[in-house]
Amino acid sequence: MTTSLSWMIWPENPALSALVLALVAMAFLYAARRPVHELLAALGGLVGAPLRVAARWLVSTAAEMKSRNKAVLLAHARVEAESRIEREFERLAAMVRRDLQGYPTLQRKLLDEITRIEEDYRKCGEVPPPPPDWVEAVTAMANVRTGGGEMVQKILGEIKSSIDSIHDRALKEYRRSYESRHRILEGFMPFWRSVDRNLAEVNKKLADLQESAAAVDAQMAKYEGIVARTDKAEHALTVSAFTQFAIAFLVMAVAAGGAFINFKLIALPMSEMVGAGDYLTSSLRTSEVAALVIIFVEASMGLFLMEALRITHLFPRIATLSERMRRRMMWIALALLVTLAGVEAALALMRDVLIADKQALLQSLAAAPQAAATDGWVGRIPTAGQMLLGFILPFALAFVAIPLESLIHSTRTVGGVLLAALVGALALALRLASSIARRMARVLITLYDVVIVLPLLVEHLARKGFNLRRGTVHVDDSAWRRS
Amino acid sequence: MIRWMLPALLGALLAGCGDPRGHAHAVYVLVDTSGTYAQEAAKAQVIVNYLLGTLQPGDSLALARVESRSFSEKDIIAKATFDKRPSQANAQKRAFRDTTSGFLGGVKGSRHTDITGGLLQGAEFLNETGAGTKTLIVFSDMQEELDKVTVRDFPINLKNIRVVAVNVVKLKTDNIDPRRYFGRLEAWQKRVEGAGAAEWRVINDLERLDSIFRTTDRS
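Chains as they are written, first to last, in the working numbering: chain A, 14 to 496; chain B, 9 to 227.
Hints were generated in silico from the structure; no laboratory data involved.
Given the structure is predicted, the values throughout are model-derived calculations rather than measurements.
Be careful, since some hints might not be right.
Claimed, not checked - Derived Cβ-Cβ restraints for the label pairs, each shown as a range:
no.: 1; chain 1: B; residue 1: R188; chain 2: A; residue 2: Q376; range: 38 to 44 angstroms
no.: 2; chain 1: B; residue 1: S109; chain 2: A; residue 2: I394; range: 17 to 23 angstroms
no.: 3; chain 1: A; residue 1: G392; chain 2: B; residue 2: N183; range: 50 to 56 angstroms
no.: 4; chain 1: B; residue 1: E215; chain 2: A; residue 2: I394; range: 24 to 30 angstroms
no.: 5; chain 1: B; residue 1: R216; chain 2: A; residue 2: S296; range: 50 to 56 angstroms
no.: 6; chain 1: B; residue 1: G140; chain 2: A; residue 2: F309; range: 47 to 53 angstroms
no.: 7; chain 1: B; residue 1: R188; chain 2: A; residue 2: S296; range: 43 to 49 angstroms
no.: 8; chain 1: A; residue 1: A359; chain 2: B; residue 2: V159; range: 58 to 64 angstroms
no.: 9; chain 1: B; residue 1: S109; chain 2: A; residue 2: G355; range: 41 to 47 angstroms
no.: 10; chain 1: B; residue 1: T107; chain 2: A; residue 2: G392; range: 54 to 60 angstroms
no.: 11; chain 1: B; residue 1: G138; chain 2: A; residue 2: S296; range: 15 to 21 angstroms
no.: 12; chain 1: A; residue 1: V267; chain 2: B; residue 2: G138; range: 40 to 46 angstroms
All C-beta atoms in this analysis are idealised placements derived from N, C-alpha and C, irrespective of residue type, glycine included.
Using the sequences and the hints given, assemble the complete structure.
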């Protein structure tokens, strides 16, 4: 109690004691105002300045990382685009060679057919011979008046019969002529069809060619964008890399599931080979490690096979091998893969045998009689299924090389972008922290002034009176605060 | 990354190779064949069968009887360290079952009960196996009766051995005064734990044998 009241000047009057002490403290605080302000400002700078420097460094690092990411991304995309364009041109060249090398022959054939059609057409255009000139004479004679003369009538009758026979002959001739022209026209049909077919074929080939040329154009446009290092190209490539990453990751996850099934299939029978009681670590059996090693070896063989087939390009050394060596490597990898697949099938069979043996032992140990095992072909289905799975899974795992390559390539871009974003975010956080530290110092300075507001008010009034006496008035209220 | 992965892998390999039996399990089953408890001996086959079905390749199992004086290798009826290959281990298990079923089917009662001698013999066997986990199963009423010549009142060593008393039947006197039964169990627990045993457990329900290998959580 005594200690708690020791600060009081007048213990019987705490309020007065507190007021006097506050006034005294205020006076001291006012006296120490400038150094305290400077101290708080210095503290703000002490905390804020290094943070600001670090933020600037991080910003520049992020920019550098972005620039490097862009350079790597564009360089990789450039190589890829070049190889794609090369392949497109090769395809185009092959198409031109295949489709258009017979074009002169086709053209000659078309010209021949067209010439023949023209000739035939011309033949069709030939008019049948006009009726002889004497027809007019006959007409004149027909207008002659018979006058009832028997002689004349007879002559005219003779003339009529002659003319009728001539007319019949002319008509027959005319019909024959038309028939021959119809035959010519009928003979047109195959040529027309042939011309139509040939032209359709030419049209299709040209359309294909045009399509391929359009694909090359698109690739070239992309390539030009990459060479020009445009932001649009970079953005498109980054998005593409993210998509590739997601797809490759998904496929790899599926492959991991397959590998896990494979592992379960061969882990137990491997214990028959390397022993079941040996451990590499506290929880990792040697047989499990051996099974994992086999799976990894299979995946490696698949990788080499894909490299040798030039489907993936993870190993430059394999890509630069001679054709002969590459083929040898391909056959070796395939042979090893087939061997391992055979081993896995055998292990799957052994697994089934071991499980059956264990089951039989447990049944013999159990007091109660157990249900009889299913015999016959139905009972063999799981065994056959396991063996088939054991044989197929290594080949399925071989294809992991393709998504693996995509994953590796896209991880560089995705990782780079994420890292740059992280560094940028860190820079922003440091910048914010720096700003908060500086602002906090200012807030503390203002708070300090709030505490000693009475002396400051007195100073302000005194300064105002002094200025009035000198004839100058400063109305700015903030001026006395900053003084 | 490779710089630290390689030593870690090598370290793990060496650590694993240095203690090949560290993960093995050794079990020694003591079957009381004295007095009236000899009638219970046939039930021990249930435990043996359970153990044969549970133990893994590389583990060890032995079955011994408790007689008037049990500190002798002659009292071990069957013992086996199972092969690391599962198929061979299964064959060994079948042979073990045949041997033990022959013995347990025709047990003759002994006059005295030397449980301490059996424990000493069992501890010796378990320590020799070098297994990481050692379990001593005592199939008995835990009523020790020694002749006048046999000396067993000295400290025994059961360090790192789990002791499980199974089928501890109540005697007629226990029924009169149950405190005798609990006192007997308490005395054995005190003696076993005093001998450095890793754990003491009593299992009277033969349907709950899975708790033989379940270690007590002391945390």
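How the hints compare with the structure:
1. B/R188 - A/Q376: 38 to 44 angstroms: Check passed, 42 angstroms falls within 38 to 44 angstroms.
2. B/S109 - A/I394: 17 to 23 angstroms: violated, 36 angstroms
3. A/G392 - B/N183: 50 to 56 angstroms: Roughly 53 angstroms apart at Cβ, these two residues keep to the hinted range, so it holds.
4. B/E215 - A/I394: 24 to 30 angstroms: At 36 angstroms between Cβs, range violated.
5. B/R216 - A/S296: 50 to 56 angstroms: Cβ of B/R216 to Cβ of A/S296: about 27 angstroms, so the range 50 to 56 angstroms is violated.
6. B/G140 - A/F309: 47 to 53 angstroms: The hint (47 to 53 angstroms, Cβ to Cβ) is violated, given that B/G140 and A/F309 are roughly 29 angstroms apart.
7. B/R188 - A/S296: 43 to 49 angstroms: Holds - the Cβ-Cβ distance for B/R188 and A/S296, about 45 angstroms, lies within 43 to 49 angstroms.
8. A/A359 - B/V159: 58 to 64 angstroms: holds, 60 angstroms
9. B/S109 - A/G355: 41 to 47 angstroms: holds, 42 angstroms
10. B/T107 - A/G392: 54 to 60 angstroms: violated, 32 angstroms
11. B/G138 - A/S296: 15 to 21 angstroms: Check passed, 20 angstroms falls within 15 to 21 angstroms.
12. A/V267 - B/G138: 40 to 46 angstroms: holds, 44 angstroms
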